[in-house]
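A.B. asks: Chains as they are written, first to last, in our numbering: chain X, 1217 to 1664; chain V, 1217 to 1664; chain P, 1217 to 1664; chain S, 1217 to 1664.
Simulated from the structure, these hints should not be mistaken for laboratory data.
Please note that the accuracy of each hint is not assured.
Each pair may be met inside one copy or between any two copies, as identical chains are not told apart.
Heads up, simulated BS3-like pairs for lysine-lysine below, C-alpha to C-alpha not over 30 Å straight-line [claimed, not checked]:
1) 1621 with 1631
2) 1477 with 1516
3) 1430 with 1631
4) 1430 with 1532
5) 1516 with 1532
6) 1516 with 1527
7) 1492 with 1345
8) 1590 with 1631
9) 1477 with 1430
10) 1265 with 1590
11) 1430 with 1590
12) 1621 with 1590
13) 1532 with 1590
14) 1590 with 1516
15) 1492 with 1336
4 protein chains.
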Amino acid sequence: MEIEIATIGGYEEVGRQMTAVRAGDDIVIFDMGLNLSQVLIHDNVETEKMHSLDLIDMGAIPDDRVMSELEGDVQAIVPTHGHLDHIGAISKLAHRYDAPVVATPFTIELVKQQLQGESKFNVENDLQKMSAGETMSIGERCELEFVHVTHSIIDAINPVLHTPEGAVVYGLDKRMDHSPVVEDPIDMERFREIGREGEGVLCYIEDCTNAGRKGRTPSESVARRHLKDVMTSVEDYDGGIVATTFSSHISRVTSLVEFAKDIGRQPVLLGRSMEKYSGTAERLNYVDFPDDLGMYGHRKSVDRTFKRIMKEGKEKYLPIVTGHQGEPRAMLTRMGRGETPYELDDGDKVIFSARVIPEPTNEGQRYQSERLLKMQGARIYDDIHVSGHLREEGHYQMLDALQPKHLIPAHQDLKGFAPYVNLASGMGYEVGRDIHLTQNGNVIQLVE
Amino acid sequence: MEIEIATIGGYEEVGRQMTAVRAGDDIVIFDMGLNLSQVLIHDNVETEKMHSLDLIDMGAIPDDRVMSELEGDVQAIVPTHGHLDHIGAISKLAHRYDAPVVATPFTIELVKQQLQGESKFNVENDLQKMSAGETMSIGERCELEFVHVTHSIIDAINPVLHTPEGAVVYGLDKRMDHSPVVEDPIDMERFREIGREGEGVLCYIEDCTNAGRKGRTPSESVARRHLKDVMTSVEDYDGGIVATTFSSHISRVTSLVEFAKDIGRQPVLLGRSMEKYSGTAERLNYVDFPDDLGMYGHRKSVDRTFKRIMKEGKEKYLPIVTGHQGEPRAMLTRMGRGETPYELDDGDKVIFSARVIPEPTNEGQRYQSERLLKMQGARIYDDIHVSGHLREEGHYQMLDALQPKHLIPAHQDLKGFAPYVNLASGMGYEVGRDIHLTQNGNVIQLVE
Amino acid sequence: MEIEIATIGGYEEVGRQMTAVRAGDDIVIFDMGLNLSQVLIHDNVETEKMHSLDLIDMGAIPDDRVMSELEGDVQAIVPTHGHLDHIGAISKLAHRYDAPVVATPFTIELVKQQLQGESKFNVENDLQKMSAGETMSIGERCELEFVHVTHSIIDAINPVLHTPEGAVVYGLDKRMDHSPVVEDPIDMERFREIGREGEGVLCYIEDCTNAGRKGRTPSESVARRHLKDVMTSVEDYDGGIVATTFSSHISRVTSLVEFAKDIGRQPVLLGRSMEKYSGTAERLNYVDFPDDLGMYGHRKSVDRTFKRIMKEGKEKYLPIVTGHQGEPRAMLTRMGRGETPYELDDGDKVIFSARVIPEPTNEGQRYQSERLLKMQGARIYDDIHVSGHLREEGHYQMLDALQPKHLIPAHQDLKGFAPYVNLASGMGYEVGRDIHLTQNGNVIQLVE
Amino acid sequence: MEIEIATIGGYEEVGRQMTAVRAGDDIVIFDMGLNLSQVLIHDNVETEKMHSLDLIDMGAIPDDRVMSELEGDVQAIVPTHGHLDHIGAISKLAHRYDAPVVATPFTIELVKQQLQGESKFNVENDLQKMSAGETMSIGERCELEFVHVTHSIIDAINPVLHTPEGAVVYGLDKRMDHSPVVEDPIDMERFREIGREGEGVLCYIEDCTNAGRKGRTPSESVARRHLKDVMTSVEDYDGGIVATTFSSHISRVTSLVEFAKDIGRQPVLLGRSMEKYSGTAERLNYVDFPDDLGMYGHRKSVDRTFKRIMKEGKEKYLPIVTGHQGEPRAMLTRMGRGETPYELDDGDKVIFSARVIPEPTNEGQRYQSERLLKMQGARIYDDIHVSGHLREEGHYQMLDALQPKHLIPAHQDLKGFAPYVNLASGMGYEVGRDIHLTQNGNVIQLVE
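Isolated chain X (complex conformation) (with noise of 0.2 Å):
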């Protein structure tokens, strides 16, 4: 059976992530992602009204025109997880394949609301869940399995596809956490099985962004720890603290959520992303908040709820809120600026449970955003974050345990791949022999 894969894109950047797999007549395609750096760098860009291809033009989305070089119908349209880079594509170039969207329920629920938010295209492709652990047949000879992982989003799952061949497994994107906080650990017992069972790994599709970064990356659960240990020690602080995180980082909100009672505190979510992500965790029953959590994602009822505060105290909760690199339209960033309610006083705390995405425009703008709440008297805590990508320990611990005939390095550029051809050159594998070193738009063809 032919075997092929078109690496779309994400292969030239972070961002943008599609690949689609041909395995005969049959054609699967993984992720279809936003690269938002190229949309913000524009002025007033609202994507939600632009059409496919002036996205494509602008570097922001993939372009997917490759697609016709497969011979072969798509039978399903898999995003691994709920993260922009990964589903926010799917708004724009879904509708023009005949192929349900297939993910998990939590991804499936932040694709819905993707799709309620597009202005331009009506996608109506059937939107199909399912969970980590469970399979489903592609054509006559392939199948598709999801294989839990860990990732710093719920609910992630590396796909894989069974075929004749070989299995074809999609490595993005996943830490290999054994003591993850909400959830299960990554499944590895399976990732071994299908490196041993029947034809083996044909090809592995790997997540090159922390390649170059020695050791292996730590568990959530150390995160959770430096947080625990950071809380604690403003325990008897009775003026304001804030948190900020990743909103769509379900595991690391409910650490802070938890931390919050511990010391004596009502946490409230605040953002419209903060509302997002976790009102959607918990309406799926991923997470099991507080009864009295409030979470509030629309400006009137933020300001409410800070005025709230105001007047009962500041000391009384924890605001958890968007900002976490500055951005100049999120929550924390207005509470810098004083645009909201809550005002900051001398010694007020913040706490950053986040990692500045280490680009200059992300740097400038978080060092404005702390630059105006120190003004205001708040201090700082920074960095109590672990990444979600795979360093180089777990490289290796995956090729051990799926020993893959072909490798394509992906979710990187050329730059970023470097590292991790390095890697898999000292385990034998061999660039233009098995490491398939490549670009976005290219085909390779891995059996013919």
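Got chain X sorted already, so can you dock chains V, P and S onto it with the hints?
C.D. replies: Leaving out everything else, chains V, P and S in the frame of chain X:
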């Protein structure tokens, strides 16, 4: 009563700490340290055979000639903990003073060993043990108290000289740890009492090492959780695993020993200073190591141990060795050079539970050491560590607890004092009024 | 005669410089600057309409309320050169003092323009021109002298107040340039004389910006040679070339204009501040630009010029524009956004004859600007620049020339003073004795 | 005609360059270099006594065993210039091939000296001089041509193998300098001709060292202007001035010698490699040093010279010495350690006309060296240098001139190739089609 403070050493560098406080006719000396980097830059220097004046000229030990400006008698020499930059000059300078060395039991033991290695001077000062929480009289009207603090070595204290004019608190070195792994938490309760009782705190001398870093220094329990995550992740590995850390860091060594057992390996401590510090801690009952824990310092017994390990199987052992900074003659560096019987194989793990001290010499040596280890196939896990020094928020909390009248930034040069001065200025202190910027060799008159 | 120095602004930051020297009953004020970054961090602030006290609270202009502590009359307000951090607060503060503004002709002209833009206050102080080498009497026994120095703007001087107790030399800002491109070399001869004549130098107030950088600041002629190399290397290019630099940097603009001609292109200056500074320099005969050199500041005339260039051929022109720091509203940034009629093509060259001022906000903006330019195909040449501030060796040479009794480090915060203090300590000065570490709002009494 | 390219060494590192081109039955080898850092990391290795296979195992010299895969006869071994990473393995590998070493006269002379130092092998290949602009026949249908380029050593060329299928241009190493200080500018005219004549350029092998750096590498004349600025600024100093630079950098040494004279000092070259390179350049008439210029390499004559300098007065001399990277045994490091008769005094100047090669080992050694020099009172001037390798714009211009069909990035590892690939992709090249990403030991078939 006249109160003067002589800032003798460690006010233009980290290393060679020495400060004297005169209260009326009585003087107490805090610390007599060695700046090892000023020694190591020269080839073939044997400090144990050198005269004080030569070491002073080298900038290696404090220039205590300023002591002649203080009119009074030295009543005690008080090293705060057992690190070399606090005790390393006792063998060169203490004999000039007719006063006992007063320190906690662990520190006293390390001083004793230091004196035994000295060849040039015959130091016969009385070595007097005093534990945290205890006090001794200094002259007729003053009292010396030890307050328990947490640092990267056990049995560290902050000495407090109670005078009729208020307390002089010598704050070198500490982290504010409420959940250290060995020992009790820092005694903040006592600091708060001292800040409020009697005349309050006249002067606080503070360790500025991390004063420019945001947030709080994480607890040792965070490093321990991180270390546990790393060690359990290699539980199934059936080859060699080697760990290194600061020899004097008994809490960390304890965690390494414990986790080695958890993953089914026999820990063994190797290297002269590993044997020295851990042996001392065990003899004095600070820790309760497993009965079968081997500690070997002499080259021959180390090599014999390595041979036994190679014979019985590397997968049965966890050697815990010296060399975390890539020091050219340390055990791990020798292992990298292939100079020991322990043979590293492809995939073997080396765990650095330490951070590179950020200075080009260390960085160069550590880089070389890692290159050598990697050439032999080793995989590196690094930065599993937390600092032993207060960051911003710890400093705020100390100022809040002690409410000192005067501040003397220490344990840095002027550039290192700058962030502390900014921080204290924000709390109402002012340079030239109550913040005393000083250099080595100055005398500050606090009460005339 | 009593001599006091009030360090009013610019002693905790770079920006809002202001220092007053009282000699007996007479006071001279050096600089009244604006810290623009404290303004720009807020949205929509229009400084020209704001009250002084609000700007003081923002940290934007010097808090001159300390002037009430000086018993004497202000005889002159002396801005040393035309940069905003030295003249930008004159419009807000000068009217409080019954004294003329005394400066070199180019600086006076820039002050005049600054005052014309002010809406809130009516500043009617006399504007008095005095050239380098000239003097004026201050009261009965003092004399003010201007010594010519070299900086990144023309007509910069260091003012010297000669008093019966010795000279007070105000050393902000300068580079020691023996081969500047426009103007004469720095007048080191005169500094050496001042150091040796009469009572010598009582006090030297020094610009510490680059005090921590090794070696010497290169001459403007080095930047010119570098720029020439770049420009001749693109001589054969037949598309668009655009250059940007500091608008106030007349020497650099002159070199750009000259090299444009050398490679057969017509230079044209575009952007409000480009027109302002170069127009002023030409009107006052500091430079002799080609007769056909266009300068356009208003949006409409700029756009008209761009249209003409597009019509006649980009290969015929070298637009020299604002925007070297990626300022969001500057000309080059607008070009990057495609908001001007000038269309960049693949391969067009953009020459940054400037260095990014190392602060995350600038770095973020400049990065965004370069990204936008590159999206349009532009190629970037950057860092063709030399600093306008003394490095280590310049400081040694100034100390050697002046041999001052007292030193006051300035134009930085404490951290920035630290390397200068180290340097001066090595020359025998001592903190607290003759090195005065000061903050905003202090008064230092030198002679009682 | 079949054309194959074997990328033997220098495709995973900088160092041990070696590439072979087979055109039909004839093979030409370009470079045989040594990776010195792989040697120096081991203690006490004497390469001159070592066997090739051991050096190959160490990664120090190219693993030329892949040559057996090329079916043809080696007709020439062509080192492009005299740097060790291009000629350092000739003594270990050339004797395996029955072919002459063909190089420019200066390079041949350095190869000869290299061979004389070899103890293990007896290399008797013919050493054949050929100058830039000249050609020789390779087999019946090919021709080898040398094109003059500018680099940080004189007499560098880019060899071109003209084949019936087009030219193979070997582009290591060069800067595009139109105003070098010694020698002629780079022969861009000839490159443009080669790009347009006959079959054009089949393949271009390119040095990617600086491919990720914006703009263009400045001309040597820029470094010279910078150096002149520094040296004239110390013209009046009446103590010791010492300079260091790359010994093989004849242009820079020439400038140092000339400026020494300009400021009234007698230059003298000290250190083994200083004597070697400059002596060779002078003997072969590449430079015309003053008759009285002393060059001393042997320890005894160096010390004698230092003694003479100390006796006659340091202010009369400019010693130009080895040690710009802080190499532990180089002359300047020995001066810092006080191991030579030359005594440094407070205020003496040390001029580093070199940049630290950015690698932690060098940075550590250089830092130590500067610390030692400063302890003796020296003042440091550093970074007076320009690179010898093309940056982005040079690469664009080379592609424009040659218009090659195939590209092989070289002189870096994959991470270093990445920016060059980006650049070439922007020009229409594509990985896997005409950009060949390769590693050591590969053979690329260009024409079958």
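A.B. asks: All hints, please: hold or fail.
C.D. replies: Okay, the hints, checked on the actual structure:
For the identical chains of this complex, residue 1621 and residue 1631 are neighbours both inside a copy (23 Å) and across copies (23 Å), given an alpha-carbon limit of 30 Å. For a Cα distance limit of 30 Å, the shortest separation of residue 1477 from residue 1516 inside one copy, 26 Å, qualifies, whereas the shortest one across copies, 56 Å, does not. With identical chains, the CA atoms of residue 1430 and residue 1631 are at most 30 Å apart both within one copy (17 Å) and between copies (16 Å). Taking the shortest Cα distances, residue 1430 and residue 1532 sit within 30 Å of each other only across copies (25 Å), while inside one copy they are farther apart (42 Å).
In the homo-oligomer, the alpha carbons of residue 1516 and residue 1532 lie at most 30 Å apart inside one protomer (21 Å), although the nearest pairing across protomers, at 56 Å, exceeds that limit. With identical chains, the CA atoms of residue 1516 and residue 1527 are at most 30 Å apart within one copy only, with a shortest distance of 16 Å there and 52 Å across copies. Proximity of residue 1492 and residue 1345 under a CA criterion of 30 Å is satisfied intra-copy only: 19 Å inside one chain copy versus 61 Å between copies. For the homomeric pair residue 1590 and residue 1631, the shortest alpha-carbon distance between copies (19 Å) is at most 30 Å, but the shortest distance inside one copy (37 Å) is not.
Taking CA atoms no more than 30 Å apart as the test, residue 1477 paired with residue 1430 passes between copies only; the shortest distance there is 25 Å, against 36 Å inside one copy. Proximity of residue 1265 and residue 1590 under a CA criterion of 30 Å is satisfied inter-copy only: 26 Å between copies versus 38 Å inside one chain copy. Taking the shortest Cα distances, residue 1430 and residue 1590 sit within 30 Å of each other only across copies (12 Å), while inside one copy they are farther apart (34 Å). Taking identical chains as interchangeable, the C-alpha atoms of residue 1621 and residue 1590 lie at most 30 Å apart only when they sit on different chains, with a minimum of 25 Å there against 54 Å within one chain.
In this assembly of identical chains, the alpha carbons of residue 1532 and residue 1590 lie at most 30 Å apart only when taken from the same copy (22 Å versus 50 Å across copies). Taking the shortest alpha-carbon separations for residue 1590 and residue 1516, only the intra-copy value of 26 Å comes in at or below 30 Å, while the best inter-copy value is 41 Å. Only within a single protomer do residue 1492 and residue 1336 lie at most 30 Å apart by alpha-carbon distance; the minimum there is 22 Å, versus 47 Å between protomers.
The structure shown violates none of the earlier numbered hints.
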